[in-house]
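A.B. asks: All chains should be modelled from the sequences, with the hints used to inform the complete structure.
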Amino acid sequence: MPAFAPGLVHTPVTPFARDGAIDFALYGRLIDFQLANGAQALALPMHAGESVSLTDRERRRLIEFAIAHVQGRAPVIAHVSDAGTATAAALARHAREAGAAAVVVTTPYYWTPPPAMAIEHFAQIGAAAEIPLFIYNAPDEMQGSRVTVDFCSMLIARLPSFAGVVDLSLDWQFMIELMTRAPELKPGFRLISGTELFVSCAAIGAIDMFAPLAGVAPKLVHELYTLCRAQKLFEARPVQEQLAALRQAVKPAGVAALKAAMRAMDRDCGEPRAPLLPLNPARRQRLVSEIDAIAALWSEPRGW
Amino acid sequence: MQSPVTPLKADFSLDLPTFERLLDFHVRTGAPAISWPHHKGESLNLTIDERKLFAEAAVRVVNGRVPVTIHVSGLAVEDTMELARHAQHIGADGILAITPYFWNPSLEAIEAYFVRLCGVIELPVLSYNSPSYLAGIEITGELMSHLIDRLPNFVGVKEASFNSEKFLEISRAALALRPDFAMLTGVEYLLPSVPLGGVGSYSAAGSICPNLCGALFEACLRGDWPRARELQSKVSWLWLLFRDQYPSSLKGGMVMMGRPVGPTRAPLPTATPERQAHIRNELERLGILDSEPYGW
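Line by line, the protein sequences are chains A and B. Take the first sequence: its position 196, counting from 1, is numbered 196 in our numbering, and each next residue is one higher. Take the second sequence: its position 156, counting from 1, is numbered 156 in our numbering, and each next residue is one higher.
Since the hints were made in silico from the structure, they are not lab data. We treat Cβ as the ideally placed atom computed from N, Cα and C, and that holds for glycine. One or more of the hints may lead you astray.
Each pair of labels, with its calculated beta carbon distance range [unchecked claim]:
| id | chain 1 | residue 1 | chain 2 | residue 2 | range |
| --- | --- | --- | --- | --- | --- |
| 1 | B | ARG227 | A | SER299 | 32 to 40 Å |
| 2 | B | ALA109 | A | GLY28 | 28 to 36 Å |
| 3 | A | LYS232 | B | ALA277 | 40 to 48 Å |
| 4 | B | ILE90 | A | ASP150 | 27 to 35 Å |
| 5 | A | GLN143 | B | TRP103 | 23 to 31 Å |
| 6 | A | GLY303 | B | SER291 | 33 to 41 Å |
| 7 | A | ARG61 | B | LEU107 | 40 to 48 Å |
| 8 | A | SER299 | B | ALA76 | 39 to 47 Å |
| 9 | A | GLN124 | B | TYR133 | 32 to 40 Å |
| 10 | B | TYR133 | A | GLU184 | 38 to 46 Å |
| 11 | A | GLU184 | B | PHE102 | 36 to 44 Å |
| 12 | B | TRP103 | A | GLY303 | 46 to 54 Å |
| 13 | A | ALA157 | B | ARG227 | 28 to 36 Å |
| 14 | A | LYS251 | B | PRO267 | 34 to 42 Å |
So, partial list: chain B residues that the calculated Cβ filter (under 8 Å) puts toward chain A [stated by the list, open to error]:
| id | residue |
| --- | --- |
| 15 | TYR133 |
| 16 | GLY197 |
| 17 | TRP225 |
| 18 | SER236 |
| 19 | LEU240 |
C.D. replies: Below you can see the structure in the form of structure tokens.
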């Protein structure tokens with residue numbers, strides 16, 4: 001299997017119309033915007049794209065739509081996490097048939113299986129997918145569930161298509177140990193930054209980054225990515241601090257805040273689906289003020 | 001910066017001559033500063049009188065060659081205050097204090113604590129943020145801003161979350177208000193912290209491999225990232241090795257480097273001969289036995 005190089009990966013939100021249905025026309029527009037503003041690949045629907053609030057049928061339709069719409073301009077990574085192994089494996093098989101370049105998967109939702117069963121979970125999804133599989137390691141989003149380097153080593157031995165970890169643990173101890181051990185077991189194994197906190201991760205050896213904030217601040221995200229790829233890490237610090245400020249403003253309210261921030265940039269993608277609630281007017285106003293205070297965002301594109 | 005372990009005799013009493021040799025070893029092998037007694041120095045297993053005695057020894061032996069800071073955190077805040085006054089009295093260059101133990105203090109309580117501590121002495125005060133060892137209790141960016149605003153002698157943090165987001169939250173808040181605020185990492189995670197404005201770290205492995213630790217710091221300051229990655233990988237491997245039964249594994253490793261410092265006080269275990277042999281194998285595999293000083 002040839003190595004798959006994700007690069008700068010935008011993770012778009014999923015726009016919903018007022019009646020709650022996926023607004024595919026707007027989604028197409030958003031994908032075009034992301035591709036025109038620095039995306040080298042797309043990963044969807046990530047948690048930022050409300051994957052867990054989509055029905056199985058919608059998830060498949062979304063992947064098919066995105067790949068058809070992209071028309072080969074960039075690879076599409078399909079997020080196929082689910083609680084049940086067979087359900088996730090079926091999504092993975094579908095992703096490959098639809099033309100996805102890779103799949104990305106979390107530990108199972110809700111269940112906390114022992115390591116041997118979690119290995120089996122990923123191995124079965126990987127076998128169904130056939131294309132490269134990345135583990136999404138996001139303990140804050142997954143009630144503390146995380147993978148260890150020992151776990152990754154076992155999975156490398158079990159699943160040849162296991163290509164890397166998309167990291168949101170942000171844990172230096174884990175990342176450095178991973179990049180010390182995993183590439184020795186599997187040359188080309190990748191540590192991928194799961195968000196725009198990239199400087200430390202790039203110092204440790206990551207050359208790929210998932211970018212949930214790229215719909216809001218694509219220029220800043222691209223600048224951070226480019227500087228870190230060139231290993232200009234000291235130069236990247238001011239850009240990193242601006243993006244950390246944006247992340248800190250958006251993070252507490254999650255997708256609702258991300259969508260509010262999209263609207264503040266005149267790229268309205270609607271509100272999140274239940275059970276998430278839209279921001280109330282006071283919080284929305286506070287978020288807009290916080291975003292307005294980040295000077296680096298003033299030169300970001302407004303509208304489509 | 002080096003924070004020496006606390007040498008003990010076979011009967012677990014303090015071993016002052018070996019402590020003096022160890023301090024001198026750290027200064028001679030390039031430590032830019034000395035700080036004692038961190039948790040690695042078994043601070044909480046020492047009496048207040050023992051802490052004072054060795055603090056005095058540290059200031060006397062180092063004798064101004066490099067700055068000496070004293071870690072004053074005790075289970076009782078009143079002990080902390082006393083140790084802080086003592087540190088100032090004996091001529092230490094600063095103190096270090098963690099957020100209060102055990103009580104899961106609120107942010108308001110942490111603020112009140114540092115305000116009081118910075119008021120009882122005039123020395124520079126370094127804070128110590130260690131959420132993973134203290135049930136998530138940590139100094140937020142907002143609290144850091146308050147403290148810097150209020151306290152002229154609040155000069156830095158030993159940051160031990162080892163997490164990009166937490167480091168950036170504190171560094172953004174602190175460096176915006178006080179550009180020379182010292183962002184220090186708890187152990188040698190220099191590769192991920194120096195490009196974010198980190199100016200150094202305390203050292204876990206410095207009594208084993210001072211050359212390696214110094215070379216990593218130099219490579220990071222130079223921005224030689226490929227070299228720094230190679231060195232960081234080794235140093236981090238050692239941290240994972242020593243983190244298991246810290247600091248008894250470290251004391252066990254020092255035996256293998258010809259610098260024995262005795263046992264570790266209970267409830268911590270003392271490294272068994274088997275554990276020492278395992279550590280020796282790892283040190284050999286990493287090339288440490290050939291590239292680092294043996295003996296004092």
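A.B. asks: With a cut-off of 8 Å on the beta carbons, see whether TRP225/B makes it to chain A.
C.D. replies: holds (5 Å)
A.B. asks: Using the Cβ atoms, figure out if ALA109/B sits within 28 to 36 Å of GLY28/A.
C.D. replies: Once the Cβ atoms are compared, 53 Å apart, the range 28 to 36 Å for GLY28/A and ALA109/B is violated.
A.B. asks: Has the hinted range 36 to 44 Å been met by the Cβ atoms of GLU184/A and PHE102/B?
C.D. replies: This hint holds: roughly 42 Å between Cβ atoms.
A.B. asks: With 34 to 42 Å as the target window, see if LYS251/A and PRO267/B comply at their CB atoms.
C.D. replies: Cβ of LYS251/A to Cβ of PRO267/B: about 39 Å, so the range 34 to 42 Å holds.
A.B. asks: Holds or violated: is there a CB of chain A closer than 8 Å to the CB of TYR133/B?
C.D. replies: It is violated, given that the least Cβ distance between TYR133/B and chain A is near 13 Å, above 8 Å.
A.B. asks: Restraint: SER236/B near chain A, CB-CB cut 8 Å. Satisfied or not?
C.D. replies: holds (4 Å)
A.B. asks: Check the following: the C-beta atoms of GLN124/A and TYR133/B are separated by a distance inside 32 to 40 Å.
C.D. replies: Hint holds: Cβ distance 38 Å, inside 32 to 40 Å.
A.B. asks: Can you tell me whether the CB distance of TRP103/B to GLY303/A sits inside 46 to 54 Å?
C.D. replies: holds (52 Å)
A.B. asks: Look at the Cβ atoms of GLY303/A and SER291/B and judge whether their distance stays inside 33 to 41 Å.
C.D. replies: This hint is violated: roughly 59 Å between Cβ atoms.
A.B. asks: Would you settle whether the hint for LEU240/B is holds or violated, based on the nearest Cβ-Cβ distance to chain A being less than 8 Å?
C.D. replies: It holds, given that the least Cβ distance between LEU240/B and chain A is near 6 Å, below 8 Å.
A.B. asks: Using the Cβ atoms, figure out if GLN143/A sits within 23 to 31 Å of TRP103/B.
C.D. replies: About 26 Å separates the Cβ atoms of GLN143/A and TRP103/B, which means 23 to 31 Å holds.
A.B. asks: Quick check on a hinted range of 27 to 35 Å for ILE90/B and ASP150/A, using CB atoms only.
C.D. replies: violated (46 Å)
In summary, the structure is inconsistent with hints 2, 4, 6, 8, 10 and 15 from the numbered list given earlier, while agreeing with the others.
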